[in-house]
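Novice: Work out the full structure, taking the sequences as your base and the hints as a guide.
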Amino acid sequence: MQSEKQSNSLSRKILQAISDASLVPFLAILTAVVLGGIIIAFVGGNPFLAYRGLIEGSFGSTKALSETAVWATPYIFAGLAVALAFKGGLFNIGAEGQLAVGAVSSALIGYALPEWLGFSLPTIIHLPLAIIAGMLMGGIWAGIVGWLKAYTGGHEVINTIMMNYIALNTTSFLLNGVMKDRSPTNVIARTPLIDESARMPAIFEGLRVHWGFVLALFVAFFIWWLLNKTTLGFEIRTVGLNPDAAQYAGINVKRTIILTMVLSGMLAGLAGSIEVTGLNYRHELGFSIGYGFDAIAIALLGKSHPLGIVLSAFLFAAMRNGATRMQFLTQMPVDLISMIQALILLFVAADAIIRYIYRIKAKGERVVLTRGWGG
Amino acid sequence: MSEPQIVLEAKGITKQFPGVLASDNVNFDLRKGEIHALLGENGAGKSTLMNLIYGLHRPDKGEIIVNGKQLDVQSPNDSIAAGIGMVHQHFMLIPVFTVAENVMLGDEVTKRGALDRVTVAEKITEISKQYGLDVDPNALVGPLPVGIQQRVEIVKTLYRNAEIVILDEPTAVLTPQEAEDLFRIMRDLTARGVSIIFITHKLKEVLAVADRITVMRAGRVINTVKPSETDSAQLANMMVGRQVILTVDKKDHEAHEDILKVEGLSVRDQRNLETVHNVSFTVRGGEVLGIAGVQGNGQTELSEALTGLRHPTSGKVTIDGNDLTGKSPRVITEAGLAHIPEDRQRHGLVLSYSVADNMVLCDYYHAPFSSRGVIQPKALDENSRKLINAFDVRTPSPFVNAGKLSGGNQQKVIVARELSRSNVKLVVANQPTRGLDVGSIEYIHSEIIKMRDRGVAVLLISAELDEIMALSDRIAVMYRGQIVAVVDAKKTTREQLGLWMAGAHVETV
Ligand SMILES: Nc1ncnc2c1ncn2[C@@H]1O[C@H](COP(=O)(O)OP(=O)(O)OP(=O)(O)O)[C@@H](O)[C@H]1O
Ligand SMILES: [Mg+2]
Chain Z
7 MQSEKQSNSL
17 SRKILQAISD
27 ASLVPFLAIL
37 TAVVLGGIII
47 AFVGGNPFLA
57 YRGLIEGSFG
67 STKALSETAV
77 WATPYIFAGL
87 AVALAFKGGL
97 FNIGAEGQLA
107 VGAVSSALIG
117 YALPEWLGFS
127 LPTIIHLPLA
137 IIAGMLMGGI
147 WAGIVGWLKA
157 YTGGHEVINT
167 IMMNYIALNT
177 TSFLLNGVMK
187 DRSPTNVIAR
197 TPLIDESARM
207 PAIFEGLRVH
217 WGFVLALFVA
227 FFIWWLLNKT
237 TLGFEIRTVG
247 LNPDAAQYAG
257 INVKRTIILT
267 MVLSGMLAGL
277 AGSIEVTGLN
287 YRHELGFSIG
297 YGFDAIAIAL
307 LGKSHPLGIV
317 LSAFLFAAMR
327 NGATRMQFLT
337 QMPVDLISMI
347 QALILLFVAA
357 DAIIRYIYRI
367 KAKGERVVLT
377 RGWGG
Chain H
588 MSEPQIVLEA
598 KGITKQFPGV
608 LASDNVNFDL
618 RKGEIHALLG
628 ENGAGKSTLM
638 NLIYGLHRPD
648 KGEIIVNGKQ
658 LDVQSPNDSI
668 AAGIGMVHQH
678 FMLIPVFTVA
688 ENVMLGDEVT
698 KRGALDRVTV
708 AEKITEISKQ
718 YGLDVDPNAL
728 VGPLPVGIQQ
738 RVEIVKTLYR
748 NAEIVILDEP
758 TAVLTPQEAE
768 DLFRIMRDLT
778 ARGVSIIFIT
788 HKLKEVLAVA
798 DRITVMRAGR
808 VINTVKPSET
818 DSAQLANMMV
828 GRQVILTVDK
838 KDHEAHEDIL
848 KVEGLSVRDQ
858 RNLETVHNVS
868 FTVRGGEVLG
878 IAGVQGNGQT
888 ELSEALTGLR
898 HPTSGKVTID
908 GNDLTGKSPR
918 VITEAGLAHI
928 PEDRQRHGLV
938 LSYSVADNMV
948 LCDYYHAPFS
958 SRGVIQPKAL
968 DENSRKLINA
978 FDVRTPSPFV
988 NAGKLSGGNQ
998 QKVIVARELS
1008 RSNVKLVVAN
1018 QPTRGLDVGS
1028 IEYIHSEIIK
1038 MRDRGVAVLL
1048 ISAELDEIMA
1058 LSDRIAVMYR
1068 GQIVAVVDAK
1078 KTTREQLGLW
1088 MAGAHVETV
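So the sequences go chain by chain: Z and H. Under the numbering used here, residue 381 is the last one in the first sequence; the count climbs by one each step, no gaps. Under the numbering used here, residue 1096 is the last one in the second sequence; the count climbs by one each step, no gaps.
Note that these hints are calculated values from the structure, not bench results. Heads up, some of the hints might be wrong.
As the list claims (entries may be wrong) - When the alpha-carbon atoms are kept at most 27 Å apart in a straight line, the in silico BS3-like pairs for lysine-lysine are as follows:
hint, chain 1, residue 1, chain 2, residue 2
1, Z, K235, H, K973
2, H, K1012, H, K973
3, H, K903, Z, K260
4, H, K656, H, K716
5, Z, K260, H, K914
Specialist: Laid out in structure tokens, this is it:
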């Protein structure tokens, strides 16, 4: 066989595969940045100064780096949530709601559990409990949608959107009611601070970056391993790519759909938990607006690959974090950043534009049409 | 005109895919009004050559000349403009569109900005009449039988004024009757000056309809001959490069105890119509029971109900004494089923998975392929190399996506996976050799007979009467959801089976 010749160039092939996969996202980013620059110039700004501000603001100092990592943490978790669902053939638009119920649950366990028990808990018990509560709640929230999909055929896009409304309104109800911070000076909808024992320690004195960031990287690796190296991952991917073949192969398709949604929801819930236990020490209405939606963009830009998601989460985090510095240097509105993000997403989603601009040939993958018989 | 004019000429076409030279300095020509058949093993490069002519791929070297002019094909648009139309091995129709919408797709006719379906429908009706291609322009494509979908594809090429039509394995999916219709249509087309390239694996068809035959092997053209100067054996020899035994050689069977027992089984299809009515039969270990019948008489639903893909509405299925009625495919597989599904791309494969992954599609979860929920890549690798060798799957490596394999080699991946599983007691083989070349058919037939000789029960469902006759020990005929006859294969004739398949009444068996 020709296998010897093949394996010699295996490493080269892997490199080739990586560069093939990231070529379009990379060019999409480049194009969006150039277009953004043109727009900045058009409205009278200096694009070079603006981008310098962006880079300085996100990577220019230890503090800037730390803040970028802080932003990237929920982006990685939520991006992984959306990506995992994509791999299983499901579109989870509900990360935002799952994240909210996760954050509320973590906060509740964080401030109220010792009170209920009547004694205080050590960090080693209290913190994991708070995090697990958030994950479970996110998992249940998404699992309901998975169940509806598996047993009634209800489309997950509609149902996750519905569940988002329920989650956000319930959260608002709780934060304005039973869970509201009762301290005399407080007027906003937020929970009390969680106990010290439920807080994640900082990694470095004086910087906000917390262990949740390290956890995010670890979880990204874990999800890669789960998807590609385990039988569960094989089942999730098979159901995502070809549910008929999955059924033929003896995979329990319904169970896998529910499980995929539960896992996806757990990741989104984790994003909320970590924000509460690692950063804000409470849940506040409106703190997370948009993470769950940006996560969709991040998953798309990262091509649903965990490594791609970590990188695109960083990109989005850097843009969010560097925006203030950019505004300071050029007086450009922060909204410009949202616009560049939107452009990147547009180019990634409509990659035909990028392929056309840069004359990249699509790799023989055509639209799926009816199959006569598979010859 | 004494010498017919050459309408298409390919000169020195070369195309390298990663790991395979799919087209190696190929020369090919097509004369006006002829049917030129292209024969060759699975993976010989037939579809590739056609894709190159049609502009789906670009050749590395060589030129294509149409009507004396060099054709620079960048995309199918250029070849369509030059009068070339192609009906692919996998159809390219959009199921939720009507026939008219599919036909005009890519060449939409509009009136004041809106799609002009009426004009298109009229033109389709005109083409239908002219060439005897009966299609309803307003029908949705999805629910149409494959034979009709194929007509839509042909109409689509004619609608674009194709003078050269490429048909890539058009008969593989057709019933014998539909195939006869297609041959009539092809003759009508050539009588009107259309030239046809016809790819098939069926030697009989080639000898019956072709004016010239070109045989390819391993990316090269071996020879071009006239049907009057050759025969099946010689063609098979040219294709495979060795002597092929076209008849199956098998010992008398020794039937053992009953393995598969089906009692009073009724099944509904997805439209909730009962397509299998109260069917009962048994298959014993060591015998092949062939189910003959025109496609669409309930065979698909029957095999789906037996293999766990569909719930029967009533009745009982037991394998080796275990009641498996309505059980999941996993349970049935573990009880000893090997299943070669009818639709290889829908059920049998995940096209974007590697060959190695596809070869463990049903077995990934147990040892040696996984251990404590973790997949063992080494075991997958060894398994695939072993099966690739044993079943002669033509693939550059086990890591190539199954979707990149030629159609016949995709089928071999499935057959290899299913027949190699240990503990198999029953094989349900639905169209096991569809789209395979004669050499591979010979091999798969001998593997099925080997299973039988080992005492495995084999249920063979096939639209090919030849295949049924060659392999079966007993033959059951299915007509309108019922088994109308079960006979000893040695005591029946094609004619008798044909009558039963057409619904002739059976007194006793
Ligand atoms: N897009 C592709 N990328 C890589 N290899 C390919 C691609 N398309 C085809 N090949 C390879 O080229 C060779 C020729 O394939 P082709 O589909 O032309 O065979 P074929 O003669 O049509 O066979 P069959 O009768 O099975 O349909 C095969 O080895 C196949 O694996
Ligand atoms: Mg082919």
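Novice: Of all the hints given earlier, name the ones this structure violates by number, lowest first.
Specialist: Per hint list: single violation, 4.
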